[in-house]
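Asker: For the sequence shown, full-length UniProt numbering assigns the number 1 to the initial residue and increments by one for each residue that follows.
Everything labelled a hint here was simulated from the structure, so no lab data went into it.
Only a predicted model underlies this, so the values are computations on that prediction, with no experimental measurement involved.
All C-beta atoms in this analysis are idealised placements derived from N, C-alpha and C, irrespective of residue type, glycine included.
Some hints could be false.
To be verified - Quick list of simulated restraints, FRET-style, between CB atoms:
| no. | residue 1 | residue 2 | range |
| --- | --- | --- | --- |
| 1 | Ala162 | Gly45 | 19 to 29 Å |
| 2 | Lys246 | Thr123 | 28 to 38 Å |
| 3 | Gln70 | Gly220 | 12 to 22 Å |
| 4 | Gly45 | Ile244 | 47 to 57 Å |
| 5 | Val239 | Asp60 | 17 to 27 Å |
| 6 | Asp4 | Glu255 | 29 to 39 Å |
| 7 | Ala163 | Ala15 | 32 to 42 Å |
| 8 | His139 | Asp47 | 16 to 26 Å |
| 9 | Phe156 | Asp47 | 20 to 30 Å |
| 10 | Gly115 | Val158 | 19 to 29 Å |
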Amino acid sequence: MTLDKVVGSAQEAVADIPSGSSLAVGGFGLCGIPMVLIQALLESGVDRLSVVSNNCGVDDWGLGVLLAQQRIAKMTSSYVGENKEFERQYLSGELELELTPQGTLAEKLRAGGSGIAAFFTQTGVGTQVAEGGLPRRYHVDGSIAIASPAKPVQSFTVRGEAADFVLEEAITTDFALVHALRGDRFGNLVFDKSARNFSPLAAMAGAVCIAQVEELVEPGELDPDTIHLPGIYVDRVVVVGTDIEKRIERRTVREN
Numbered sequence: 001m002t003l004d005k006v007v008g009s010a011q012e013a014v015a016d017i018p019s020g021s022s023l024a025v026g027g028f029g030l031c032g033i034p035m036v037l038i039q040a041l042l043e044s045g046v047d048r049l050s051v052v053s054n055n056c057g058v059d060d061w062g063l064g065v066l067l068a069q070q071r072i073a074k075m076t077s078s079y080v081g082e083n084k085e086f087e088r089q090y091l092s093g094e095l096e097l098e099l100t101p102q103g104t105l106a107e108k109l110r111a112g113g114s115g116i117a118a119f120f121t122q123t124g125v126g127t128q129v130a131e132g133g134l135p136r137r138y139h140v141d142g143s144i145a146i147a148s149p150a151k152p153v154q155s156f157t158v159r160g161e162a163a164d165f166v167l168e169e170a171i172t173t174d175f176a177l178v179h180a181l182r183g184d185r186f187g188n189l190v191f192d193k194s195a196r197n198f199s200p201l202a203a204m205a206g207a208v209c210i211a212q213v214e215e216l217v218e219p220g221e222l223d224p225d226t227i228h229l230p231g232i233y234v235d236r237v238v239v240v241g242t243d244i245e246k247r248i249e250r251r252t253v254r255e256n
């Protein structure tokens, strides 16, 4: 690995992502999504992807463009609304879904990037999240083809009270795709406000992290105290500029 991680184009950055890969993708709704990298991945023709992301975009933007071309075989997400094609593929048995509580999903990514194999949490105890039976894939006739398995539950004493906790395994992926406001040639990244969302966690979980940045600066120009993700987690940086399209899922305005 060289210290200068800048590559010439998004197409070059994703060129070695093969079909069947697992991806962790930053973003929350359409906020902070690596759309240029997603588009390059679409153009590359890869399919059978297993994607870990908070959600799957909308029908014509974000990860939804990969879904529309049936390039995604499995989604691990916490929210699956806003996308009719997602619903259709899932209910018709074309798409596998591992539905995961949002905070648990974030911690599974963070744990994976930190070398932690698994952790206990109270979230999901007493529900199908822990007990199993959540439909992951349907048959065409609507019956369940794959259901989530039961997970180990153990009692711990916290603040003097015994409570049950469910064991959740960490997530690691082959690649990660993220969007940042600013980055340097060494891969240190700064995210813009709420666009940070899942991106540092996704970046940590990927064996190879590819970051698209709006602005590239030279090493030393970023205040160390402002860096949200150190370059040790980033393998490739693509400069996409500040004039990229950024969409809003639902624009709500006040009447005059």
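Asker: Using the beta carbons of Gly115 and Val158, state whether their distance is inside 19 to 29 Å or not.
Answerer: holds, 24 Å
Asker: Between the beta carbons of Gln70 and Gly220, is the distance compatible with 12 to 22 Å?
Answerer: violated, 45 Å
Asker: Using the C-beta atoms of Gly45 and Ile244, is the stated range 47 to 57 Å upheld?
Answerer: violated, 23 Å
Asker: Evaluate the given range 19 to 29 Å for the C-beta pair formed by Ala162 and Gly45.
Answerer: For Gly45 against Ala162, whose Cβ atoms are near 53 Å apart, the range 19 to 29 Å is violated.
Asker: A range of 29 to 39 Å was offered for this pair. Does it hold for the Cβ distance of Asp4 and Glu255?
Answerer: violated, 52 Å
Asker: Starting from the range 28 to 38 Å, see whether the pair Lys246 and Thr123 falls in it by beta-carbon distance.
Answerer: holds, 31 Å
Asker: Lying within 20 to 30 Å: is that true of the beta-carbon distance Phe156 to Asp47?
Answerer: The hint (20 to 30 Å, Cβ to Cβ) is violated, given that Phe156 and Asp47 are roughly 43 Å apart.
Asker: Mind checking the hinted window 16 to 26 Å against the Cβ distance between His139 and Asp47?
Answerer: holds, 22 Å
Asker: That 32 to 42 Å hint for Ala163 and Ala15 (C-beta), does it hold up?
Answerer: Since Ala163 and Ala15 have Cβ atoms about 49 Å apart, the given range 32 to 42 Å is violated.
Asker: Are Val239 and Asp60 spaced within 17 to 27 Å by their CB atoms?
Answerer: Holds: the Cβ-Cβ distance is about 25 Å, inside 17 to 27 Å.
The structure fails hints 1, 3, 4, 6, 7 and 9 (numbered hints given earlier, in ascending order).
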